[in-house]
Amino acid sequence: MKQMNFDFVSRRSMVVARRGMVSASNPMAAQAGLRILQRGGNAADAAIATAAMMNVFEPSATGIGGDCFALYYDAQSGKVTAMNGSGRAPKALSIEHIRKEGIEGDGLPNLSIHAITIPGAARGWEDLVKKFGTMPLTEVLKDAIFYAENGYAVAPSYGAFWGSDYAQKFLSERPNTEDYVPNGKTPGAGDIARLPRLAKTFRTVAEEGADAYYKGDIAKKLVETIQAEGSLMSPDDLASHTTTWHEPITTDYKGYTVAEHPPNGQGLAALIALNIAEEWNLVDMAWDDPAKVHLMIEAMRLAFADNKQYVADPASNPAPLDFLLSKEYAAERRAMVSPDSAMSPPSYGAPINTSDTIYLCVVDGEGNACSFINSLYNGGTFGSGRAVKEYGFFLQNRGANFVLTEGHPNALAGGKRPYHTIIPGMLLKDGELVGPFGVMGGFMQPQGHFQVVNALIDDDLNPQDALNRPRWQVSSGDPGGTILIEEGYPVKTMAELARLGHSIRPISGRARGTFGRGHIILRDKDTGVLFGGAEPRSDGQVAGY
1 MKQMNFDFVS RRSMVVARRG MVSASNPMAA QAGLRILQRG GNAADAAIAT
51 AAMMNVFEPS ATGIGGDCFA LYYDAQSGKV TAMNGSGRAP KALSIEHIRK
101 EGIEGDGLPN LSIHAITIPG AARGWEDLVK KFGTMPLTEV LKDAIFYAEN
151 GYAVAPSYGA FWGSDYAQKF LSERPNTEDY VPNGKTPGAG DIARLPRLAK
201 TFRTVAEEGA DAYYKGDIAK KLVETIQAEG SLMSPDDLAS HTTTWHEPIT
251 TDYKGYTVAE HPPNGQGLAA LIALNIAEEW NLVDMAWDDP AKVHLMIEAM
301 RLAFADNKQY VADPASNPAP LDFLLSKEYA AERRAMVSPD SAMSPPSYGA
351 PINTSDTIYL CVVDGEGNAC SFINSLYNGG TFGSGRAVKE YGFFLQNRGA
401 NFVLTEGHPN ALAGGKRPYH TIIPGMLLKD GELVGPFGVM GGFMQPQGHF
451 QVVNALIDDD LNPQDALNRP RWQVSSGDPG GTILIEEGYP VKTMAELARL
501 GHSIRPISGR ARGTFGRGHI ILRDKDTGVL FGGAEPRSDG QVAGY
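All residue numbers for the sequence shown refer to the working numbering, where the first residue is 1 and numbers rise by one.
It should be emphasised that the hints constitute simulated quantities derived from the structure, not laboratory data. Misleading hints may appear alongside valid ones.
Derived DSS-like pairs: lysine-lysine, alpha-carbon spacing no greater than 25 Å straight-line [what the hints assert, rightly or not]:
1) 215 / 130
2) 91 / 220
3) 525 / 254
4) 525 / 79
5) 220 / 200
6) 169 / 185
7) 389 / 79
8) 215 / 91
9) 525 / 429
10) 131 / 215
Simulated restraints on C-beta separations [as the list claims (entries may be wrong)]:
11) 459 / 501: 24 to 30 Å
12) 322 / 279: 15 to 21 Å
13) 76 / 511: 41 to 47 Å
14) 173 / 255: 50 to 56 Å
15) 244 / 183: 26 to 32 Å
16) 335 / 217: 57 to 63 Å
17) 348 / 380: 28 to 34 Å
18) 104 / 331: 47 to 53 Å
19) 27 / 414: 25 to 31 Å
We treat Cβ as the ideally placed atom computed from N, Cα and C, and that holds for glycine.
Start from the sequences and build out the full structure, keeping to the hints where you can.
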């Protein structure tokens, strides 16, 4: 059957339910999470079921070979907990070793074998379910195993990438990718895909636990796969990997508490931008008013200047969070913004007296909520482009975010976690859940958080309308970078931004995927009614009951 044309048109309204809701960028994944809720599981169980399904349905963007972060709201205690499921660099890896191999520049190439860090997802999945869930992994991973083994029809948005000539050429030239190029052709929209080796991985972890991944045959094959290309990762690197638990970082924005995962995630940038913008009268400005867009872009550029300097592994280089998140610091940075012109690329502030990714969210009937994100980093190259032999899952390339400059907080070092782009978000008011939210997509993520919080709080939009709204982006999180403007903004808005000194590049069509994919679920604390929105730029769907 001839494939239908791909577009981003969305006339969907928000979904309303009461007993449970899942929002994810694939309908089958959202439905799998919903089935867990219907069978008595909670938000943690459903989040991991959905994440595993996304590995099956979007294997270039996410998976058990990557990292994950979560914010979990426990309804009984009223507390939000941050889970850091990111991995570390091999202990033997160093900048000196990288330079001896002839790699120059400020960072590792995306496809360098040394960009592969320890995958944290398998342990993170297990630990989230153990700490907050109610079901065993055998139940949680059941649907993912079934679909990986028995096959599924590829969705339109993802199929446009997987079935492309680029993906076919890339995968055909790499080892251990047989399942992803069946009969020599990558599956497109509507084609049947089966991933039996991934099913084997899931079944092993479900039945034997994450230790089977980090200490068993999976670990053995993983190390063999990448050591053959010169990786310094050892069996001990995998065996010693641990998930860590933290308090979220927060700020107050016009009476709401916005919670983000602390560094090494980049949620700090969203909070800094919100702090800077809080005193501007954004409420009375139209969404496409160039004056409003200009102010928000400038706030984001200032936030990224700090992010690039300070976001690193907190175990070795903790960021000065009290300083960076203070309202006093926000006032200083706000004073740097002119309403009449774009600033030169800003520098980071210094404390006084001191030297593709997938996002999903779940709210269950008891009011527990999980904001969850899982990634391989570079979706266009299936993460590192390396699939583990016999187990068929791709490994991430998060190490590409390290800096190869000695003394920088995010400098590459053995056993260290890199700067991470993936961030989950959570909204609260007076200590009670408002709802989980997120926008995935590299350096778009804190910018997406900033824009949807503005839409929800300042402009009083419902979740779906907040996600439908066109977006802007400071390209690659570079404070001096080009400003990408999504189709839907008036030409006069773009022209005025250019007059103010911004370098503007309009984006339309399929390229709009660069603006990320978001999901939001809000909860009415009095009635328990849930209101969900899903990303219109992808195959996303909200499932509720």
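For each hint, the structure was consulted:
no., hint, in the structure
1, 215 / 130, "holds, 19 Å"
2, 91 / 220, "holds, 17 Å"
3, 525 / 254, "holds, 19 Å"
4, 525 / 79, "holds, 15 Å"
5, 220 / 200, "holds, 15 Å"
6, 169 / 185, "holds, 9 Å"
7, 389 / 79, "violated, 41 Å"
8, 215 / 91, "holds, 17 Å"
9, 525 / 429, "holds, 10 Å"
10, 131 / 215, "holds, 21 Å"
11, 459 / 501: 24 to 30 Å, "holds, 26 Å"
12, 322 / 279: 15 to 21 Å, "holds, 20 Å"
13, 76 / 511: 41 to 47 Å, "holds, 45 Å"
14, 173 / 255: 50 to 56 Å, "holds, 54 Å"
15, 244 / 183: 26 to 32 Å, "violated, 43 Å"
16, 335 / 217: 57 to 63 Å, "holds, 59 Å"
17, 348 / 380: 28 to 34 Å, "holds, 29 Å"
18, 104 / 331: 47 to 53 Å, "violated, 41 Å"
19, 27 / 414: 25 to 31 Å, "violated, 42 Å"
Of the numbered hints given earlier, the model fails hints 7, 15, 18, 19; all others are met.
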